[in-house]
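The chain contents come next:
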Amino acid sequence: MATPAFTFTPSTFQKLHPAEFFRRFTTEGVRPDGRLLDSFRPTTVHHGVISTANGSAMVRIGGTTVVCGVKAEVAEPRLDAPDQGYLVPNVELSPMCSSKFRPGPPSEQAQAVSEAINRVLKESKVLDLKDLCIEEGKAVWVLYVDAVCVAYDGNIYDAALAAIMAALNNGTIKVSGGTAANDENSFKLKLARTPLSATFAIFDTTLTILADPNVTEETISDGQISITLDETGLLCGVTKIGAASCSQRVLKDCVQSAKKRTLQLRGIMNQL
Amino acid sequence: MASITTEQESELLIVLPGDQLPESGLMEDSSAAHRLTLGPGLAPMDDDSITAVKAGILKHNAVGNRWWVESNQRRYVAAQGESIIGVVTGKTAEHYKVDIGASQPALLGVLAFEGATKRNKPNHNIGDSLYCRVSMANKDMEAELECMNPTTGKADGFGELKGGFIIKVSLGLARRLLDPKNLVLRLLGQHIPFEMAVGTNGKVWVNSASAQHTILLCNGIRNSEYLNAAECVAMVKSLVEKM
Amino acid sequence: MSRLDRTRTSAHQLRPFFSSQNLLNRADGSAQFDFGESSVMCSVVGPSEVKLRDEKLDKATIEVVVRPLVGLPGIKDKAREQAIRETLEPLVLSGLHPRTGIQIVVQTMKDDGCILATAFNATILALLDAGIPLKSILGAVTCIVDNNSNEILLDPTTEELANAKSTHTFVFDNKSSITSKEEQQESVDVATLYSDSTGLFSEEEYFECAQICYKAVQAVHGFIRTAVQKKLEKEYQQIHS
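Residue numbers (this note's numbering), protein chains in the order written: chain A, 1 to 272; chain B, 1001 to 1243; chain C, 2001 to 2241.
Just chain A, same shape as in the assembly (with noise of 0.2 Å):
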């Protein structure tokens, strides 16, 4: 009689062994949670959520939920730019989200991906911060732009972005007081582009690409491509981080990808 060979079922064995559990489902194109290769989680995006702020929106993608919101205050601008408000953004990744994050100063990663955020909306140009001048010199609103996660199941920059620039898009600045001649007067933010982004993880032994990486995922991937667009097509932005192969080819095929994805992801976001 022989002796039974040494089993387990399979989610001992994704326990085991992660990576090769999931190596198993990438090379028949097809994911632990059923999805192909390069498709994207089910997108929803509402906006004004919170009726305190300026603007808000949330946004869930698969697991991921965000939620931003908009408050303008009033500053002292700059001395080097007295004609320019402040744009301020932050992503917030509290221990609610996930217990991946501990309670204390923000993580490397929540920096990170604020900074990446402020980036973009800097160097694409996406406000003229001229528009939030009050008074030269004197005072400038200040827009505070918190994006806070709720829940952390992978891919926070597209998520996080993707709010941020809903809740702008619907942001409103109430002026009250001022002058006799109007006692409230408002004006909505003029956004110059909207820039959206696609995520992609890499793996280096199966030169696997996986589009919308979740939490596992992120985790036993090797690196990251994001890839921001505006409606026009034209690049926001390229980050490819870790991994160690990673061909010009793949980066191409990628930006493609990733042309698909946001313009999917502004008619989710158009829609009211």
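These aren't lab readings, by the way, just hints derived from the structure by calculation. Each hint should be verified, as a subset may be incorrect.
[Claimed, not checked] On the chain A side, residues computed to face chain C include the following (Cβ under 10 Å):
no., residue
1, S124
2, L127
3, G242
4, L251
[To be verified] Using C-beta positions, here's what the derived DEER-type ranges look like:
no., chain 1, residue 1, chain 2, residue 2, range
5, B, A1230, C, S2149, 26 to 32 Å
6, B, M1136, A, R102, 52 to 58 Å
7, C, R2053, A, V150, 25 to 31 Å
8, C, D2054, B, G1109, 28 to 34 Å
9, C, P2073, A, K100, 20 to 26 Å
10, A, S11, C, N2150, 52 to 58 Å
11, B, P1180, A, G104, 56 to 62 Å
12, B, L1111, C, D2054, 33 to 39 Å
13, B, R1186, A, T219, 56 to 62 Å
14, A, D253, C, R2006, 37 to 43 Å
15, C, R2053, A, E231, 25 to 31 Å
16, B, I1167, C, F2018, 57 to 63 Å
Each residue gets a CB set at the ideal place from its N, CA and C atoms; glycine is no exception.
Position chains B and C against the provided structure of chain A, taking the given hints into account.
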């Protein structure tokens, strides 16, 4: 500039991580075909190529078709069979904990001395310097040391280093000091009689008749690292004159 | 065409390199790398003991600390730490030193643009100096697309960066050069280790920048090789003379 041609072998053949060794060069010895011994600094990669992983000089020894990269660094990584100098940092019933400059302290069994028995153990205290041999080195575990020759059970010069002074030099310089023809040691020896022990972990123990001489010797050894022969002669001369 | 810094004559010219290895006495490896007036110093300690909390059973833990020119580290420095660490992780053969730590500290000394690229080059030189086993070396270069002329300028200064429509930083390893030599094609398919681009740019501009930076990185690789060679020759002159 990734592949290396063997024609350059007359001069120093410098390799950087990522440089692949040509397969033809590796298999030049037909009698020992398919037998290849890789030393430090070389590793087989996923694509079956032999690649340098450290920056250094590519060396080859036809006996056994051995290839390695001679490189220099300051951090010691324990390797079996090497003679090193360590400092006792802790003591338990069965082991001494010895700092050898690696990522973790090494263990030296209290019975790993010449003639040591359960009743008659050597007594070393925290802070003592020991000249010993790495008896077991494994990347996943702490290194183990012994203070005797394992085949004969004799001390063979291993043991406590009393008096003197220990300096830390780069691992490359330590290896060069072990060369019996080493220039700076010969030059210093012409002026001052001294004894020394060189550990391949970059620790060098020097002892002489007076502290003044010992300091001079240590400075001479340290200074010699980046000097050529003529500069070495001048350096030693100026050191001795100032004394 | 003359560049804003007046020392260079062509858009694809890099500033003069400078490097120095083994500068710090207490570190296991250290190096300084300069692109003109931008200078970064890097120190490496390891493989050394690591905090029990950060210990990995099968590989070394790589920690990167980025210190700015002035003031306390901000979120920009944190983002750079992440970029450098995640680029080095696949490069360092960390499996050879399990349960140890490799600490890399990057300090800006002078800032005249392209600090991230300079930091990458300083880091690789410091890692080579420390003798950390690596799969390959890397080289980094930054370029911009100029707002007025729409021209691609390599290795921009702070002055030129202020007038950039888009900024691109690329890191390539020295392995990808093998494939390029065999192919002998105009546009080579190169493996990108790290790429970071911001601003507004078209797809064509991005891939053109990648090609130009890739060619420029070959000069950086060559320089690193010469720097290492000079140091080794100095060390071994007693034996070979």
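Checked hints:
Here the hint on A/S124 is kept, as its CB sits about 5 Å from the closest CB of chain C, short of 10 Å. Hint status for A/L127: violated, given a least beta-carbon distance of 14 Å to chain C, over 10 Å. At its closest, the beta carbon of A/G242 sits 4 Å from a beta carbon of chain C; the interface hint therefore holds under the 10 Å criterion. Hint status for A/L251: holds, given a least beta-carbon distance of 7 Å to chain C, under 10 Å.
For the pair B/A1230 and C/S2149, the supplied restraint of 26 to 32 Å is violated, since their beta-carbon distance comes to about 55 Å. Judged by the Cβ atoms, the range 52 to 58 Å given for B/M1136 and A/R102 is violated: they are separated by roughly 39 Å. At roughly 28 Å, the beta carbons of C/R2053 and A/V150 sit within the given window of 25 to 31 Å. Range check, C/D2054 to B/G1109: Cβ separation about 30 Å, and the 28 to 34 Å hint holds.
Separation of C/P2073 from A/K100 is about 22 Å and conforms to the stated range, judged on CB atoms against 20 to 26 Å. The beta-carbon spacing between A/S11 and C/N2150, approximately 56 Å, falls within the hinted interval of 52 to 58 Å. Our hint of 56 to 62 Å for B/P1180 and A/G104 holds, since their Cβ atoms are close to 58 Å apart. About 35 Å separates the C-beta atoms of B/L1111 and C/D2054, a value consistent with the hinted range of 33 to 39 Å.
Distance hint check for B/R1186 and A/T219: the Cβ-Cβ separation is about 58 Å, which falls inside the suggested range of 56 to 62 Å. The hinted window of 37 to 43 Å between A/D253 and C/R2006 holds, with their beta carbons roughly 42 Å apart. Checked against the hint of 25 to 31 Å, the C-beta distance between C/R2053 and A/E231 comes to roughly 46 Å, which is inconsistent with it. Here the CB-CB span from B/I1167 to C/F2018 is close to 31 Å, at odds with the stated 57 to 63 Å.
Checked against the numbered hints above, the structure violates hints 2, 5, 6, 15, 16; every other hint is satisfied.
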